[in-house]
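Engineer: Sequence:
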Amino acid sequence: MGEVIWVEVLSRHHDVVARHRCVGPEVHIGRGYDNDVVIDDPYVAARHVCIAREDDGTLVALDPGSANGLFADHGAKRLQRIVLDGEHPIRIGHTYLRIRDANHVVSRERLAAPPGRAWPVVLALGVGLLAAEGILLWLGETGEPKPSRYVLPLLGLTVSVLAWTTLWAILSRIFSGQARFEHHLLIALTALLAFSLYNELVDYAAFALTWRMLAVYEYVGSWLWFSALCFLHLRVIGASRLRLKAGVVAALAAVGISTQTLAQWETHAALDGTSYVRHLKPPALRVAFPQSESAFFADVEKLKAPLDRARSEDPLSGGVFSLLDADD
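Quick note, my numbering runs 163 ahead of the 1-based positions in the sequence shown.
Each hint should be verified, as a subset may be incorrect.
Computed Cβ-Cβ distance ranges for the label pairs, DEER-style [unchecked claim]: (1) I333 with D264: 35 to 43 Å; (2) R273 with A230: 38 to 46 Å; (3) L364 with A461: 32 to 40 Å; (4) K240 with D204: 19 to 27 Å; (5) S359 with L415: 17 to 25 Å; (6) Y367 with G238: 50 to 58 Å; (7) R271 with Y367: 44 to 52 Å; (8) E304 with I333: 34 to 42 Å; (9) D264 with L364: 53 to 61 Å.
Everything labelled a hint here was simulated from the structure, so no lab data went into it. Just so you know, even glycine gets a beta-carbon here, dropped at the ideal spot from N, CA and C.
With the sequences and hints as input, model every part of the structure.
Structural biologist: The structure is reproduced here in structure tokens:
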């Protein structure tokens with residue numbers, strides 16, 4: 164009696180779809196019913212691959228001569244023989260297989276968090292976020308305080324966070340079988356609190372240092388934050404193909420930054436004449452020293468001569484108003 168060999172049928176993302184326990188010196192896999200493992204794939208031959216054990220105990224996959232061949236995972240090179248290590252899959256037709264023997268060492272089990280352990284943290288972050296937003300609304304208040312100016316924005320923020328989290332929980336339920344609502348809510352609240360602090364720090368730094376470009380190109384950090392948020396949600400949905408997911412969100416951030424940079428460049432002339440401070444700030448936060456009274460009046464004196472010379476000169480001819488002057 165041979166040793167036990169396990170054949171795992173995988174999805175395209177290398178998730179286990181089915182496991183087959185086989186006993187014997189060889190394991191035959193194919194579409195025919197005389198195989199040890201039957202694969203329902205029209206691109207798989209009746210007897211497509213044979214799993215054999217060499218003298219040193221190593222498992223190998225052998226192609227007896229199928230039409231569509233044997234491949235290593237996503238590789239494009241057709242192979243007649245593949246040495247199996249229990250980690251890297253092989254591909255026959257459109258089916259991915261992973262072969263392991265009974266003594267394959269698995270990773271340690273994950274420690275399960277007690278149920279509801281994340282909810283106190285989620286609640287604390289939610290209260291902190293609402294408190295921070297309330298303080299920012301109060302700092303930006305320039306008129307008589309009214310409850311509606313606080314209740315409506317905070318209520319809208321709460322509804323938006325719950326709607327965003329619900330969307331990701333639904334996607335997680337569809338693709339991984341578990342909603343993980345509290346994990347997605349934790350990510351959303353943490354990211355939103357960090358984004359709120361980032362916006363305020365940039366706003367205050369632009370005012371204090373008089374750096375217009377810091378505020379004008381604040382969106383670069385916003386797009387990077389948004390892409391990181393999406394990546395964390397995707398990671399909760401599934402830990403497979405993280406490089407692909409990171410590449411997708413990085414491409415999304417690059418497109419967003421490029422598009423907004425183009426829009427900023429087209430409206431650069433208009434932005435030069437506008438204020439880059441969103442809210443009133445205390446003058447004491449300015450790093451630049453205030454101008455003295457004597458220096459201010461000295462600058463005024465420098466303007467008198469050019470203004471007097473301009474008043475004494477004839478106005479420029481032509482232009483739109485020259486026709487009106489001619490009619491008079």
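Engineer: Is the distance from the Cβ of L364 to the Cβ of A461 consistent with 32 to 40 Å?
Structural biologist: holds, 36 Å
Engineer: Quick check on a hinted range of 50 to 58 Å for Y367 and G238, using CB atoms only.
Structural biologist: The hinted range 50 to 58 Å holds for Y367 and G238, with Cβ atoms some 54 Å apart.
Engineer: How does the Cβ-Cβ distance of S359 and L415 compare with 17 to 25 Å: does it lie in that range?
Structural biologist: Cβ of S359 to Cβ of L415: about 22 Å, so the range 17 to 25 Å holds.
Engineer: Could you tell me whether the CB distance from R271 to Y367 stays inside 44 to 52 Å?
Structural biologist: Given about 47 Å between the Cβ atoms, the range holds.
Engineer: Is 34 to 42 Å a correct range for the gap between the Cβ atoms of E304 and I333?
Structural biologist: With a Cβ separation near 38 Å, E304 and I333 satisfy 34 to 42 Å, so the hint holds.
Engineer: Range first: 19 to 27 Å. Now tell me if the beta carbons of K240 and D204 are that far apart.
Structural biologist: 20 Å Cβ-Cβ, so the 19 to 27 Å window holds.
Engineer: Do the beta carbons of I333 and D264 sit within 35 to 43 Å of each other?
Structural biologist: The hinted range 35 to 43 Å holds for I333 and D264, with Cβ atoms some 40 Å apart.
Engineer: Taking 53 to 61 Å as the stated bounds, is the beta-carbon spacing between D264 and L364 within them?
Structural biologist: For L364 against D264, whose Cβ atoms are near 56 Å apart, the range 53 to 61 Å holds.
Engineer: Regarding R273 and A230, is the given constraint of 38 to 46 Å on their beta-carbon distance met?
Structural biologist: holds, 42 Å
Checked against the numbered hints given earlier, the structure satisfies every one of them.
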